[in-house]
Amino acid sequence: MIIVEGIGHISIPVSQLDTSIDFYRDIFDFEVETKKATEAILSLDSFRIRLVKAEVSDRSLPILSFVMDVDDFTEAISELEEKNVKIIKGPEGTDSGESLTFADPSQNLIEIFYSN
1 MIIVEGIGHI SIPVSQLDTS IDFYRDIFDF EVETKKATEA ILSLDSFRIR
51 LVKAEVSDRS LPILSFVMDV DDFTEAISEL EEKNVKIIKG PEGTDSGESL
101 TFADPSQNLI EIFYSN
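full-length UniProt numbering puts the first residue of the sequence shown at 1, with every later residue one more than the last.
Hints listed in this document are in silico derivations from the structure and should not be mistaken for laboratory results. Where is the CB? At the ideal position from N, CA and C, for every residue including glycine. Some hints here could point you the wrong way.
Here are the simulated SDA-like cross-link-like pairs (lysine to any residue), alpha carbons at most 25 Å apart as the crow flies [unchecked claim]:
#1 K83 <-> L44
#2 K83 <-> T101
#3 K35 <-> P105
#4 K86 <-> F102
#5 K53 <-> K83
#6 K86 <-> Q107
#7 K53 <-> F28
#8 K83 <-> F28
#9 K83 <-> M68
#10 K53 <-> D71
#11 K89 <-> D71
Beta-carbon label-pair distances, calculated as ranges [unchecked claim]:
#12 A37 <-> D72: 31 to 39 Å
#13 I88 <-> T19: 17 to 25 Å
#14 A37 <-> E81: 30 to 38 Å
#15 V52 <-> K86: 15 to 23 Å
#16 T38 <-> D71: 30 to 38 Å
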């Protein structure tokens, strides 16, 4: 068994690098650590994502989806609606809380979750 002591970053393919950087900065307050012509590393506390410019022809399924835990679910929904972010599913109750799924500019799915 390999013992994982941490994850350096998660790579997310994006069709428009600058638009995606703005999205993750504006919605989640990520900070840009490094930026090159075809990629950027963004951080939120110790969590890092790597946005990589890529041509993706088949968008019938998301390339990547991930869940982020939020502290104020109602406020998060209001902010997404104010910013005209495309909501895919929810809000809806789950056995352990509430969730809502939305898309970033490249149609990668992001789920926010609030635990009861």
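Evaluation of the provided hints:
1. K83 <-> L44: With Cα atoms ~20 Å apart, K83 and L44 stay inside 25 Å; holds.
2. K83 <-> T101: 15 Å, holds
3. K35 <-> P105: 18 Å, holds
4. K86 <-> F102: 6 Å, holds
5. K53 <-> K83: Given that 25 Å is the threshold and the Cα spacing comes to 23 Å, the pair holds.
6. K86 <-> Q107: Distance of about 9 Å is within 25 Å: holds.
7. K53 <-> F28: Judged against 25 Å, a Cα distance of about 20 Å means the pair holds.
8. K83 <-> F28: 12 Å, holds
9. K83 <-> M68: 18 Å, holds
10. K53 <-> D71: 31 Å, violated
11. K89 <-> D71: 19 Å, holds
12. A37 <-> D72: 31 to 39 Å: Because 37 Å falls inside the window, the suggested range holds.
13. I88 <-> T19: 17 to 25 Å: 18 Å, holds
14. A37 <-> E81: 30 to 38 Å: 34 Å, holds
15. V52 <-> K86: 15 to 23 Å: Holds, since V52 and K86 (Cβ atoms, about 21 Å apart) stay within the stated range.
16. T38 <-> D71: 30 to 38 Å: 34 Å, holds
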